[in-house]
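Enquirer: Here's the letter readout for the chains.
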Amino acid sequence: MSVSEEAERLSRRNFLRMAGIGGTALCLGLYTSGQAGVKVINQALVNAASEGVELAAWIIINTSGKVTLICHRAEMGQGVYHSIAQIIAEELEVDLYGVDIQLTQGDEKKYGSQLTGGSSTIRGSYKNLLKLSATAREVLIMAAAARWGVAADACYAESGHVIHKASGKKFHYGELVADAVKLAPPKEVKLKPRSAYQIIGKGNHRRDTPMKTNGEAIFGIDKRLPGLQFAAVKRNPRLRGKVKSFDASAALQVPGVTKVFKVVMGVWDTDREGVAVVANSTWAAIEGKKALRVEWDDTGFEHISTAEIYSRHRELLQSSEGLPLKTQGDPTGIISQSDHKLDVIYETPYQSHSCMEPVNCIAHFQGDKVEIWGPVQAPNWIQDYVSKKMGLARENVIVNMTFLGGGFGRKAMPDYPYEAVLVSKEIGAPVQVVWTREDDATQGPFRPGVSYRCEGAVEDGGITALKFRMAGQNNDHWRGGDNGKPNRSTSEGFLKPYYDTIKNISFADLPFKTPIPTSFWRSVYASTNGFAYESFMDELAHKAVRDPLDLRRQYLKDERSQLLIDKMEEVSGWKSRKKNDGYGVAITECFASTVGHIVKVSKGKTGGIHIDKVWVVVDCGWYVNPDIITAQVEGSVVMAIGAATIHEITFKDGMVEQRNFYDYKMPRIMDIPPIEVHIMENDEDAGGMGEPGLPAFAPALTNAIFDLTGKRIRKLPFDMGNAGMEK
Amino acid sequence: MINLNVNHKVYQVDADPNMPLLWVIRDLIGLTGTKYGCGVAQCGACVVHLNGEAVRSCVTKVSRAEGQQVTTIEGLSAQNNHPLQVAWNEENVPQCGYCHSGQIMSAAVLLREKADPTDQDIDDAMAGNLCRCGTYLRIRKAIHLAAELQKKEGGSV
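Chains as they are written, first to last, in this note's numbering: chain A, 1 to 727; chain B, 1001 to 1157.
Please note that a few of the clues may not be correct.
Quick list of in silico lysine-lysine cross-link-like pairs, DSSO-like style, CA-CA up to 30 Å [unchecked claim]:
no.: 1; chain 1: B; residue 1: K1061; chain 2: A; residue 2: K259
no.: 2; chain 1: A; residue 1: K259; chain 2: A; residue 2: K389
no.: 3; chain 1: B; residue 1: K1061; chain 2: A; residue 2: K223
no.: 4; chain 1: B; residue 1: K1141; chain 2: A; residue 2: K603
no.: 5; chain 1: B; residue 1: K1141; chain 2: A; residue 2: K567
no.: 6; chain 1: A; residue 1: K605; chain 2: B; residue 2: K1061
no.: 7; chain 1: A; residue 1: K425; chain 2: A; residue 2: K223
Simulated from the structure, these hints should not be mistaken for laboratory data.
Kindly generate the complete structure, drawing on both the sequences and the hints.
Expert: Take a look at the structure:
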């Protein structure tokens, strides 16, 4: 290699490296128009990759100027397909509506983690995306300046072109990419201040809407491949029970059914047994499943019941201190000495994710590799899990991401892709395994139902101590087992500024296990913790004879909390409300965003409680799209209405009692109150928004019902038709 | 063989007459815009038009559709420009989008029957369509907007 070649190679490597953060880098790929798909033909980049430089290819520009941006995360409704492109388009200086946007494959060497959970996409990616987009723009400007023999700062970029200010000459980006990738990029790129944004910060039209109004969007269940077979699986209705034997004869009589066999699918470290029916259509597979006769082995799993779960929670909460997660001061001592104390139990139910698109996945097993297509939140976890289970090289587990018809945490589990892989291996063909709605409702995993014991003491109108204990299943036990530590999410949702002002606080977890599979459900433990902790705050305010929002203001002394409370008061007319007019408040924080809800209720015309209005104030720091944030909050309120007042998963004789939307009912269009969303403006780091809008709704609602009726609700779900009327 | 007319195109399908129209449309004809959500007429994700009327294709036997006009979301308009489709885009209605084929097909019948639907009309017509993402407030807003657009276009839907 000559000196000049070596220098060029190093400068390219430098370019690739400097643009990235955290081990990833920009790939300004090229592909020729007319070729199917995206193919990197720039040899320098291929060489760089083979030298071990990690590439992150979000931006692809072909020589005709066509720009393709990559959405590296799961699009499940939360809007990242649009908002990732919105970020890149701003600094790259391209028309957001002129670019192509593509979903991609699992490849964390290129993209970093693609786990779409923890409301992490924007807050985890935006700095990197801004920087790599600005870097790409700068090298394109440098390439144009070199062609014209002018200084780079004599040129600017706009709408996919570089323009020479003085002469007005312009090149489109496609004319510059071949030169651009040979250049060493600037060491520093200047990012725009928020005030200069033209695309970020706008609630513009989502790029994925048109394809979702005419049937074009391809969800996992819509994906088709040549020779694709369809399968349904009859799984033991007793959670984690096994298959003893089965009779396939009736199933095989169903026209279209071709094969019936046992599958043992993994649910993290445990097994779930069932019998697969393969057919030439989804319907034939479902009909075959109905005709199938299976004898189950339920040993050990026949007795799980909801009543037993909650009575065991209560026993634990009454008899054990549990494993401490956090302790400051001496809450136990203070509370035992106090004459003004509360000691109450809160209960929250198991919940189903019930994505509108039932769980499904395609796998095509091909000996030493397997290709997967599906609605998945965590492609990298599927690669980990399937490669380990099947003894395949990780890079030979290829995971293609489609649109998701809802995720809410359910589709982060690798259980259903693995099941599809097993079925494909058995039949030697590509197969789509579709879960029926009944499978989805009865098999889980579920949000764990959690019970809480909340103790506190007040003195002179203030809080002197808080002591919280929780009893409920730990999702982490399903991934890596019980390490003997308390649930790390025991205090999730609780506002951190309280630690600075309330001197005596403790959180403890009472480990609790059942064979019921559990997993993340939108906002995870904040969704249940928030109800207990923020209801209890309301109880303490009442005990201390304080306005519940004033009490929070006293203990949330940081500026952001104070501004949030100002805004909540202003938009809801909190201060001018009448006594016992039916207003309730709650504030929670999770995934780096703080969200306050105020709910107004009244007595319904035909009895029960009517929700008149919901005001939500969000502090998520730096943000991309206010309309998507508003939509996420609206949706979170609707989901929270369902979980607080309509549905729960219950167990009897080791089985789930609900089967479909007729007994796991959902909020419908007439159930939804007006929802007003406000976003705080500040320059703080970005927080998440897919989940944080949910947890504070239920306590704000029940606190409002207490304000109106004097009736304290400590168990979810409750019936709005009777709320406030019980003795 | 069953003769079906879907979106003004004639298909001959080799299907059991009891097979639900949903699975014929999706798995045999290959139009995947119509969605499976519950299989028991509870969620509305599978709504299509049979001779202009909204039916739940998951519980409609294909034999019932023989010789009739079936319209799916793919056939609602030629260029994604039905007033509802325009309004859905204008109001950023969908989140995940999975239920919206059914939502739009239900709303299209409402808008044909009632040029200027009230909130109550919308509740009555849309109560059978679930949305887990919770886009209901925007669905309502978009139907009102579509009614406006329809009037401007001279009422043809």
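Enquirer: Taking the hints in turn, state whether each one holds.
Expert: Evaluation of the provided hints:
1. K1061(B) <-> K259(A): holds (25 Å)
2. K259(A) <-> K389(A): Given that 30 Å is the threshold and the Cα spacing comes to 23 Å, the pair holds.
3. K1061(B) <-> K223(A): holds (24 Å)
4. K1141(B) <-> K603(A): Holds, at roughly 26 Å.
5. K1141(B) <-> K567(A): holds (26 Å)
6. K605(A) <-> K1061(B): Outside the cut-off at roughly 42 Å; violated.
7. K425(A) <-> K223(A): Holds, at about 19 Å.
Violation of the numbered hints given earlier is confined to hint 6; every other hint is satisfied by the structure.
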